[in-house]
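> Chain order of the listed sequences is A and B.
Under our numbering, think of the first position of the first sequence as 1, with each following residue one higher.
Under our numbering, think of the first position of the second sequence as 1, with each following residue one higher.
Heads up, a few of these hints could be off.
If you only want the chain B side, here are some residues facing chain A, beta carbon under 7 Å, derived [as the list claims (entries may be wrong)]:
#	residue
1	G32
2	I61
3	P78
4	L82
5	L87
Rather than coming from a laboratory, the hints here were simulated on the basis of the structure.
No residue lacks a Cβ here, since even glycine has one placed at the ideal position from N, Cα and C.
Here's the letter readout for the chains.
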Amino acid sequence: MTPEEVSEFEAKIRAYVGRENGPRQRGKDDVNVAMIRHWAEVIGDQNPAYTDPDYAARSPRKGIVAPATMLQIWSMEGYPMCQSPKVDVQRELHNVFESYGYTGTLGTNTRTEFYRELRPGDQVNFHTIIDNIVGPKKTGRGMGYFIETVTTFTDQNDEPVGRQVFRVLKFVPPPQDAAQAAGGQQAAAVEAATRIASPRGHDNAWWWEAVDQGRVLIQRCKACGTLRHPPRPMCGECQSIEWDSIESTLDGEVFSFTEISYPRFPGYPYPLVVGVIQLAEGTRLVAGITGCEPSAVRIGMKVKGKVEQVDEKTWLPQFYPV
Amino acid sequence: MNRETLRYGGVAVGDRLPELKIDITTGLIVGGAIASRDFTPVHHETKAAQDVGLPDIFMNIITSNGLMGRFVTDWAGPQATLKSIDLRLGAPNVPGVVMTVTGEVVAKDDAAGTVDVSVTGENNVWGTHMAGVVRLELPKEA
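Here chain A stands alone, though its shape is the one from the complex (with noise of 0.2 Å):
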C-alpha cells in the first residue's frame, strides 16, 4: 500500500471502533433443556447439574442450570452462518479489511465473566460493540490488527448476566499460505507428524525389519552363542562374524530412563519416558516407558514389551509395569 492508501484505510477502520454492532437482541432461543443436554452429549460433560433433573431439584440450586460455557451459544445466528450471514456493523468491518488484503481470520482470545448461572426459561439478550482494534502487529501468521469486540448479555428483567471480550486477529496470509488458499490440495497434504524413522542399514534393517512384523529379536554369535545389542557384524567375545539371532520374551526390568520433557518433538506422546530396559536374555534395549505416571516410574521396575503400531508408519516395542 502506498502511504496515503495506508491512511484511507487506517482511517476507514478506526471509523468502527466504539460502534454497535446493531441494537440489542434476544437470543433465538431462551435457555432451554435440550440445548443444554446436546451441548453436554458433545463435550462429554457429565455434571448432573445441567442434565439430572432429579439430582438438580435436591441440589442447593434447587433446579437445572445450564453450563456457563453456553452462553454465547444463545446468542447464535445458526444455520444461516453458512449461507448468508447477515451483514452487520461487524461484517462490514471484516470486509475493510479483506478489500486492502487482510483475508485470514483467527480468533486468538476469548474472556468471558458470569456473572450468574441461566435456567431454563431465562431469556438472553446480547449487545455487542466494536470495542478496540490494536496495531499493526508483526505476527506468527503475518502483519495484522485484533479487533476487539465486547458484547454483553442480559436477562428478561434487564439484569446483567455476563460479559465476553472477543479477539480476533485480521491478517495478511504470507504467500505460501494465500498459494494453500487458492489450491487447497496443498494444504490437504499437510500429514500429521509421525516419529523419526528408524535408521535401516546393512547391519541393522533385518531388526527392524522384525519389529515390523511384531517380534523383537536379539543377535546371537553361532560359534561362542554370546547374545548382542544393538545388532553388528561381529561377535565381541570371540570376533566371529557368523550369527543367527532370539526372539526376546520381552520381560525385563528397568535399568535407567529419563523423561524427555523440552524440545518437544511433533509425533510424540507426551509426558515422553525412555528408559533402558534390562531383558530376561541378559541384553539391553532403549524402548518406551508407557502405561503409568512418568512418577511411577523406578529403576529396577519390573516391566512387560510389546510391539505395538504408534503411528501411521512406525511399529516400536514398549514396555508396562508388570
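Fit chain B to the supplied structure of chain A, relying on the hints for placement.
Here is chain B on its own, set in the frame of chain A:
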C-alpha cells in the same frame, strides 16, 4: 466427573488436576460446532477449511471453551460455579490429534471464595491448542 464437590478450604495453590486426554475426531469438531449453533463452514466442511490453509476442519472456540470449563468442573464437582474463563487459542485442533488437558491451582481469593486454575490443552501434533485461567467459586462449608 467428581460427584463430591470440593470445599474452598480443601484446595491449595499448587494442586494439580487429573489429566484428561481427548481424541479430537471429526464427530467431536462437527458435533461441538452444531451444538453451539456455530455453522461457520470451516468447522464442518473440509474444503472451506482447506481454502484458509488448514489440512482439515478445525474445532471452534466455543467447543474449546466448553472443554476447558468441563475439565475444571469435572475436578471441582457439581456445586462449583464458573465465574470466568480467560482463554487463549494457539494451534488448531484438527481430526486425528489427541489433546491432553492439564491444570493447576494458581491462586485463591479468600474474600470471594474463588479459586483460579491455570489450564493448558496440548495437542500431540502442533503443540498448545488452548491455554487459560478458569475462575470458579467453591462452597466454603461442608
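> Name the hints, by number, that the structure is in violation of.
Violated hints: none; all satisfied.
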